[in-house]
Amino acid sequence: MSTLRSRLPAVTGHRLFWPLVVLVLLIAANTVYRPSFLSVELKNGHLYGSLVDILRLSAPLILVALGMSLVIATGGIDLSVGSVVAVSGAVACLYISKQPDQNSLGGVVTALALAFGVALLLGVWNGTLVAVIGIQPIIATLILMVAGRGLAQLVTQGQIITVNSDPYRTIGVGHLVGLPFAIIVALAVTLLVAVLTRRTALGMIIEAVGGNAEASRLAGVRARRITLLVYVVSAACAGIAGFMMTANVSSADGNAAGLWVELDAILAVVIGGTSLAGGRFYLGGTIVGALLIQTLTTSVYAMSIDPQTALLFKAVVVIVVCLIQAPAFRARLRRRAATPTPPTTPAEQQKEQVPA
Amino acid sequence: MSQRHPVLTMTAISKIFPGVRALDGVDFRLFPGEVHALMGENGAGKSTLIKVLTGVYGTDAGTVTLDGARVSFTGPMQATAAGVSTVYQEVNLLPNLSVAENIFIGREPRRLGVVDWRAMRRRATELLARIDLHIDVTELLGSYSLAVQQMVAIARAVDVRARVLILDEPTSSLDADEVAQLLRIMRQLRDDGIAILFVTHFLDQVYGIADRITVLRNGRLVGEWPTAELPQLALVEKMIGKELDALESIDADAGNDPEAVAAGPPLVTAEGLGRTGSVAPFSLTIHQGEVVGLAGLLGSGRTEVARLFFGADRADQGQLTVDGTPTTIRNPVAAIDRNIAFCSENRRTEGLVGELTVRENIILAMQAARGWLRPVPRRRQDELVQRWIEALSIRPANPDLPVRNLSGGNQQKVLLARWLITEPRLLILDEPTRGIDIGAKTEIQRLVVKLADGGMAVLFISAELEEVLRLSHRVAVMRDRQMVTQLTNDDTLDADRVMNAIASGGHEEGAPA
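Taken in order, these protein sequences are the chains called A and B. Going by UniProt numbering, the first sequence opens with residue 1, and the numbers climb by one from there. Going by UniProt numbering, the second sequence opens with residue 1, and the numbers climb by one from there.
For reference, chain A alone in the conformation it holds in the complex:
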């Protein structure tokens, strides 16, 4: 018992312990509600099942949250990702819908390239407002959050553009080597961002800027370029997420595509252990956070929770996760529990939180 107690803080103090516990609990609750929840079937060489669906549906959120992690690490925030999703989806769908043969691979690739380019431009816009002009990130990206919806409406001329293109649909619902195509794309982008930040010095430089901007400037870091870059990466991720979301339903709705995804993404980042104040960021944590949020969303539908209370339910779970994660709250809980804590506990916990 004593060894268990002394080891426990090392495990429970880990950043991802509580998010993972809640994730497991959610899956358990789903399984109790519907025992088939855990089953995964192989049909025509493709995997099917609720868990696979969750993976597939979480792909866009993972992408958006990845970009958001980098922005938040610099001490900023990007509220415009939902609008970028809508614009990029709208541009891609519009181009495809104008093609004589919507199934032509060339046409789809051109559409994707075009829409991706637009997303990059929107990222440059955000980055310029924040890094060059010096507007506070929350205001700067709020501009595009609002204007981007208008832009998407303009592109779609207020209509919902439906496309009938198999190659495009594949991005949302297709399969590759048995797995949903979307999750493979999300994994690939995750890998790319991980390599980009951790195999080069980009990650450390981002963390230096977010941790202490003035000290970084005096150490010769070109903070402006870095800041601009993270907003471009964020918009690029949102652009790809836009393809997935519109391909899922084979249509682009300037109003609804990617609505509120920025909030889910910010939550995923925070649940993953990255501080909104900037500094250290944890891509692995972000992915766990995104999976948790998507599982929650899916559970709400699967358990047919009344849509009127669904959002409230989601909010309660998120609050619980955030509270449990907060060291101050945990410390208070421990004191309440009134069990004598071994004196080594705080030290060990601190050690655990020090990123290796």
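Please note: incorrect hints may appear among the correct ones.
Which residues of chain A face chain B? A partial, calculated answer using Cβ under 8 angstroms [as the list claims (entries may be wrong)]:
(1) 103
(2) 201
(3) 208
(4) 217
(5) 219
(6) 221
Label pairs and their in silico Cβ distance ranges [as the list claims (entries may be wrong)]:
(7) A:35 <-> B:349: 56 to 62 angstroms
(8) B:382 <-> A:331: 33 to 39 angstroms
(9) A:259 <-> B:387: 50 to 56 angstroms
(10) B:140 <-> A:304: 35 to 41 angstroms
(11) B:374 <-> A:41: 46 to 52 angstroms
(12) B:60 <-> A:11: 37 to 43 angstroms
(13) B:377 <-> A:143: 38 to 44 angstroms
(14) B:382 <-> A:309: 52 to 58 angstroms
(15) B:349 <-> A:41: 57 to 63 angstroms
(16) B:405 <-> A:143: 36 to 42 angstroms
(17) A:41 <-> B:373: 43 to 49 angstroms
(18) A:214 <-> B:259: 38 to 44 angstroms
Source of the hints: derived by calculation from the structure; they are not laboratory data. What you are looking at is a predicted structure, and each value in this text was computed from that prediction instead of being measured. Glycine residues also receive a C-beta, built at the ideal position from the N, C-alpha and C atoms.
Position chain B relative to chain A; hints supplied.
Chain B only, in chain A's frame:
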């Protein structure tokens, strides 16, 4: 000296922070109707004494009596309620509220439970009129100059029935006219019987207004004198201290001969370099292998000079020449390109990134210069970091610890290591030994001598005159944001002559260079 009783007496106050004895048995007394200047260099314990007095810190030993009764405040609110008000250097009011709201915040006049705005405006206007300040109290505080804001802060402090008013460097951001106005108000309040504790770094102001002076040094009381009995030179001497400390003496002359280095090739030359509102134009040449010391009291413009050389601030006049080529250094990147390095005096806010590890902090400048696409290979990192951890004996010797967990001295060494691995040709050190223990201090001083021997030029800034004299080949003296003179550190230069130059503005030493 006087038949009056002091309104405030602090006896044998001691305050210990982990590893530092910030106050060691300090006595202090304050009489009603006097302006009492509390003097001392950085780290002497002035702020700590004030914070103990106002209850921000508790004491480890000693007593505070107010009007003969022993008090022990648990916070500034309690101190204010008992009649001890403080106005800080940075105006701690709210610029986005009106003047009247600022004066009465937290104690708004009320009628029937709601704020009586008319009474508030009337009383605010009356209050400011008492100190001869006639402004529209409904305007936002932020729309007025800093001087006016400072006076509003004083008006607020006095209105809460203050008997003791503490002014902590109230004049550091004011211009001459504004200072005069502030001093006039202080005289008026003094004549009303308020006891004023005045902290400033400007000697002229001390001699312009203070009745008595208390000097602290290294957390100890040096003494208390009536202003008339303490000439400027004696004051500077008492603030800086003359006794040789326990440091092993490091003989700069053992390295390069001052005249030999001055005859060598100049590395950096500033001609009429200056920045409005920061430091008056100055000219200074630093040669290869030369250590140039910057002496002067706090706030005299030492740091500002350093920041211009490094491009941390942009000069708006004058010319900088590096290696014989005229250049403009717009930003730190440009300075680093020309092999100039700068260790800021504010390690935490302008030096290190606390969250990052020792390793990351050490390689940050080198990495920034290479660009993020070319990471410093891990093996090279290990090699560099390990070598400098050993060379500077950084403790704990764990490169993967967040740097904020290290002590001040070790943090300073990490910052030094960051710049040394970039192999600079000019190293600017702003107070590199402040707040660190004597062992680390000696190590850093030795290192400076060694680096200069190896041909590096060093601009060395320190409040400790002994240290500047020990290391420098030449000493540039700053006073009131001007470089008043430059003295060659030959056998005839001693602390007295430098202090004289600081106190007199360099007039005995010839024209400013």
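Now the hints, each set against the structure:
1. 103: With a closest approach of 40 angstroms, the residue 103 of chain A hint is violated.
2. 201: holds (4 angstroms)
3. 208: holds (5 angstroms)
4. 217: Holds, because the Cβ-Cβ distance from residue 217 of chain A to chain B comes to roughly 6 angstroms (cut-off 8 angstroms).
5. 219: holds (4 angstroms)
6. 221: holds (4 angstroms)
7. A:35 <-> B:349: 56 to 62 angstroms: holds (58 angstroms)
8. B:382 <-> A:331: 33 to 39 angstroms: For residue 382 of chain B and residue 331 of chain A the Cβ distance comes to about 36 angstroms; the hint holds.
9. A:259 <-> B:387: 50 to 56 angstroms: Holds: the Cβ-Cβ distance is about 55 angstroms, inside 50 to 56 angstroms.
10. B:140 <-> A:304: 35 to 41 angstroms: Since residue 140 of chain B and residue 304 of chain A have Cβ atoms about 55 angstroms apart, the given range 35 to 41 angstroms is violated.
11. B:374 <-> A:41: 46 to 52 angstroms: holds (49 angstroms)
12. B:60 <-> A:11: 37 to 43 angstroms: holds (40 angstroms)
13. B:377 <-> A:143: 38 to 44 angstroms: Holds, since residue 377 of chain B and residue 143 of chain A (Cβ atoms, about 42 angstroms apart) stay within the stated range.
14. B:382 <-> A:309: 52 to 58 angstroms: holds (55 angstroms)
15. B:349 <-> A:41: 57 to 63 angstroms: holds (59 angstroms)
16. B:405 <-> A:143: 36 to 42 angstroms: holds (40 angstroms)
17. A:41 <-> B:373: 43 to 49 angstroms: holds (46 angstroms)
18. A:214 <-> B:259: 38 to 44 angstroms: holds (40 angstroms)
When held up to the earlier numbered hints, the structure conflicts with 1, 10 and fits the remainder.
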